[in-house]
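> Listed here are the chains, written in short residue letters.
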Amino acid sequence: MFWRLLWKLLRGSRGRLAVAILALVSGAMVISALLNLELDVERKLTQEFRMLGANLVISPAQDGQTQMPGAASSALMNEKDVLPAIQNLNDPAVVGAAPFLYIVERAGKIPVVVAGTKLEELPKLEPAWKIEGQWTPAPVDQPPAVVGRNVARQLHLSLGSQLPLAYLDRGSEFNVAGILDAGGAEDNQIFVDLAQAQKLAGLPGQIGLVQLSVTGTPKIIADYAARLAASLPSCDVRPIRQVTQAEGELLNRIRLLIVAMVVLILVLTALCVLATMAALAMERREDVGLMKALGGSISRVVGLFMAEVGVLGAAGGIIGTILGLALSHWMGQRVFGAAISPRWEIFPLTIALMIAVALAGALPLRLLGKVKPAVIFRGE
Amino acid sequence: MFARLVRESFVRNPRRKILTAAALVVGMAVATSTLTIALEVGDRLAREFRSLGANLLVTPQADTLPVEIGGVDYRPVNEGAYLKEADLGKLKMIFWRHNILGFTPFLDVPAYYSGIDPQRSTNLGSLEARTNVTLVGTWFQHEVPVPDGTKFTTGLSATNPSWQIQGRWFADGTNECVVGASLASKYPQKFAIGKTVDLTNSEISSVLFPVTVTGIVASGGTEDKVILVPLSFAQQFAGHPGQFRQLFVSALTKPADAFSERDPLKMTPTEYDRWFCSPYISSISSQIKTAFPDTDVRTIRRVADTEGRILSHVGTLLWIVTLAALGAAALAVAATSAATVLERRSEIGVMKALGATNALVTSIFLAEQLMLAVAGGAIGFIVGAGLARTLGSSVFGTPAAPRLILLPVVLGLAAVVAFAGSLIPLRRAAHFDPAPILRGE
Chain A
1 MFWRLLWKLL RGSRGRLAVA ILALVSGAMV ISALLNLELD VERKLTQEFR MLGANLVISP
61 AQDGQTQMPG AASSALMNEK DVLPAIQNLN DPAVVGAAPF LYIVERAGKI PVVVAGTKLE
121 ELPKLEPAWK IEGQWTPAPV DQPPAVVGRN VARQLHLSLG SQLPLAYLDR GSEFNVAGIL
181 DAGGAEDNQI FVDLAQAQKL AGLPGQIGLV QLSVTGTPKI IADYAARLAA SLPSCDVRPI
241 RQVTQAEGEL LNRIRLLIVA MVVLILVLTA LCVLATMAAL AMERREDVGL MKALGGSISR
301 VVGLFMAEVG VLGAAGGIIG TILGLALSHW MGQRVFGAAI SPRWEIFPLT IALMIAVALA
361 GALPLRLLGK VKPAVIFRGE
Chain E
1001 MFARLVRESF VRNPRRKILT AAALVVGMAV ATSTLTIALE VGDRLAREFR SLGANLLVTP
1061 QADTLPVEIG GVDYRPVNEG AYLKEADLGK LKMIFWRHNI LGFTPFLDVP AYYSGIDPQR
1121 STNLGSLEAR TNVTLVGTWF QHEVPVPDGT KFTTGLSATN PSWQIQGRWF ADGTNECVVG
1181 ASLASKYPQK FAIGKTVDLT NSEISSVLFP VTVTGIVASG GTEDKVILVP LSFAQQFAGH
1241 PGQFRQLFVS ALTKPADAFS ERDPLKMTPT EYDRWFCSPY ISSISSQIKT AFPDTDVRTI
1301 RRVADTEGRI LSHVGTLLWI VTLAALGAAA LAVAATSAAT VLERRSEIGV MKALGATNAL
1361 VTSIFLAEQL MLAVAGGAIG FIVGAGLART LGSSVFGTPA APRLILLPVV LGLAAVVAFA
1421 GSLIPLRRAA HFDPAPILRG E
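Protein chains in written order, with the working numbering: chain A, 1 to 380; chain E, 1001 to 1441.
One should not assume that every hint holds.
In silico DSBU-like cross-links for lysine-lysine, where the CA-CA straight-line distance does not exceed 30 Å [to be verified]: (1) Lys80/A to Lys1151/E; (2) Lys130/A to Lys1186/E; (3) Lys1151/E to Lys130/A; (4) Lys1186/E to Lys1084/E.
Ranges of calculated distance between the beta carbons of each label pair, as one might list FRET restraints [what the hints assert, rightly or not]: (5) Asn1358/E to Arg43/A: 39 to 49 Å; (6) Leu203/A to Lys1190/E: 23 to 33 Å; (7) Gly1315/E to Glu120/A: 27 to 37 Å; (8) Gln1236/E to Lys109/A: 26 to 36 Å; (9) Ile110/A to Gly1239/E: 21 to 31 Å; (10) Lys109/A to Thr1212/E: 26 to 36 Å; (11) Lys1190/E to Ala195/A: 45 to 55 Å; (12) Asp1172/E to Pro164/A: 32 to 42 Å; (13) Val1207/E to Pro164/A: 57 to 67 Å.
Just so you know, these hints were derived from the structure itself, not from any lab. Positions of the beta carbon are idealized from the N, C-alpha and C atoms, including for glycine.
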């Protein structure tokens, strides 16, 4: 009997229910899309912040407290000690990692800083650097070198030029594969393969430092640094604080902003659904009057309407959440160029919220307990 | 008659009107505050991004290649080109001068202090062993005279606010110094706050330049290994009065787009004007280059590109969120207006039975909605402006100023939404047959 009445109620007033369902669906859609976006925005933004480049440096511990060491004169470490440790941790948060060995070599008569590194890792480590040419060109006879803009200008180099470099009595010829525009000290440097630099400097297997770009909140970065430090007792692992700190600060502001907007919209949407449901409930006054006149107990009558409203809330919530997740997927594509993966915890959250709001909207029905059927039937 | 009908409707059943009015107030308040924030966020965030440090670097064009590793320049002092300190005021005379938030000149000089460092020192027998260190002359807070007669205070406090100091910064024009954190922790006895260090400008010189340590700075970068001194001291020390080597500029910019990346020489005159009059980093740097001929103005890509990308993404995101807010507000208002019209079906029936035309019924309802929209929209605008103020101060520290330009927008939006919400049920009401409604069916 209860269920049959419920079914009749739902089928009987399709027009009005359509308005309520529309409100519930769009409310759930906006809420779930924004919640999904909010949960994902931090990850997306921390990824974008990797444009800032390396934020973690591993250096030999003997070099005291220095953070950017690596001169040929300062302490060195063995690449076989360090690089496997990074690989063993195999953390997906590491976007890029490259070892560096800096030496001062002579190009003709001019002294110039040469950085031996993994050329193929640099675009991942420093995505903001602009390069004319390629980091890793097709192999030619001579090993490739990427030269900074100032170096290219000073030494009159262009793509494909020959670049002789000498260190003490050793010398080697390089082929200019790329010209780098970094807007920093790197514009004055030459980047070659690590093995080539080690050979020239006579320091096989030695590196000065490793730079890493780790994505995540300042806490995740600090945790990763701590784990890395634990597996590398002879090295100094430290975050480049200026970057991580400013980044954390900015991230907080942006998140706070989005949270504030999302809360505003949540409240608004909830209010909108509430108003629609309240209007719907008030329209049911005549039904309530009729049921009471036929001898239905008030608790049973109200229970019936609550069930109706709950079913509406659940249906609206489910449809709305599916649409909302699709919406956030589209927003992710549009804003960040990468889809935002749906979070399943949003389903129960949104649906529960919708049912709660719908039930809250039906609360005025409780007042109907006091209503006398006769008054309602007279149309007052 | 028309006016009386409308007035009667308000007087007779104010409760019904309150629901629509409340929805309008809440909806328009949210619309106002999100629009205010969205309009303001680009500028606010761009300012926040300046905590990442400078985004432009000015160097002399004829400079030799700096041989710099880990913040230590191995180039001799008398090599390379310099810039003139006296010209710096010109930076505040360019077209986009108000977007130049700060600038800091740097002069690096190799210096030596007595003390033994097993890796860097050279033992000269009878002479005391000396250690090489880089001395960086700069400003912390310095007043620059601008050619138009005003003064502009700038320095590290403006370009690098995230550097942390223990103790205090050096005073301009003194022989005080601030030591980098790494250097200070390596030689804690030598570089404690309050100690005086004797510096010389070569390994064998006997002319001593005493400096007093006033603070220890942690920048997280190469500056942690150097000694920072007032620019005037470094100039005197290096024998280059009134000169410096590098200038870092922190400028408020608009995110770069395809247009800003184009070559200005290939633009049409109108395009060039648009480019010149937009605070793109490329146009600001070309204006700085015009003010300082013989220099190279470079974009610090790491900072500028990160900023541009995140700013444009957050901007798009916020506009989407704002649209969602507007949509939700519109929906809330439309739903309540629709509900009130539905509720008053019997009233419509009576009116029609008494001979009212559909047009009259519709115009009575729309007039009511319009009055509600104006009142609700105005109150919503005031509430929303207050909300935006609170939001602005909690997110960015300074309240967002109310924008009067949004008032007509919000009022128009309220009217459109209230109309749209009631039009559909009213159109259906036009088809009502009065008889069944009056019978109560």
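> Next, verify each hint and record whether it holds.
Status of each hint after checking the structure:
1. Pair hint Lys80/A plus Lys1151/E does not hold up; C-alpha atoms about 56 Å apart against a cutoff of 30 Å.
2. Proposed proximity of Lys130/A and Lys1186/E is contradicted: the alpha carbons are some 37 Å apart, above 30 Å.
3. Among the hinted pairs, Lys1151/E with Lys130/A is inconsistent with the structure: their alpha-carbon atoms are about 37 Å apart, more than 30 Å.
4. Note on Lys1186/E and Lys1084/E: the hinted pairing is violated, with a Cα-Cα distance of about 35 Å set against a maximum of 30 Å.
5. Hint check: Asn1358/E to Arg43/A, Cβ distance near 56 Å, so the stated range 39 to 49 Å is violated.
6. The hinted range of 23 to 33 Å is satisfied by Leu203/A and Lys1190/E, whose Cβ atoms lie roughly 31 Å apart.
7. The hinted range of 27 to 37 Å is satisfied by Gly1315/E and Glu120/A, whose Cβ atoms lie roughly 34 Å apart.
8. In this structure the supplied range 26 to 36 Å holds for Gln1236/E paired with Lys109/A, their Cβ-Cβ distance being about 32 Å.
9. At roughly 24 Å, the beta carbons of Ile110/A and Gly1239/E sit within the given window of 21 to 31 Å.
10. Roughly 41 Å separates the CB atoms of Lys109/A and Thr1212/E, a value that falls outside the hinted 26 to 36 Å.
11. A beta carbon spacing of about 40 Å between Lys1190/E and Ala195/A contradicts the range 45 to 55 Å that was offered as a hint.
12. Look at Asp1172/E against Pro164/A: about 47 Å separates their beta carbons, and that is not inside 32 to 42 Å.
13. Between Val1207/E and Pro164/A the Cβ separation comes to about 41 Å, which falls outside the hinted range of 57 to 67 Å.
In terms of the numbered hints stated before, the structure departs from hints 1, 2, 3, 4, 5, 10, 11, 12, 13, listed from lowest to highest.
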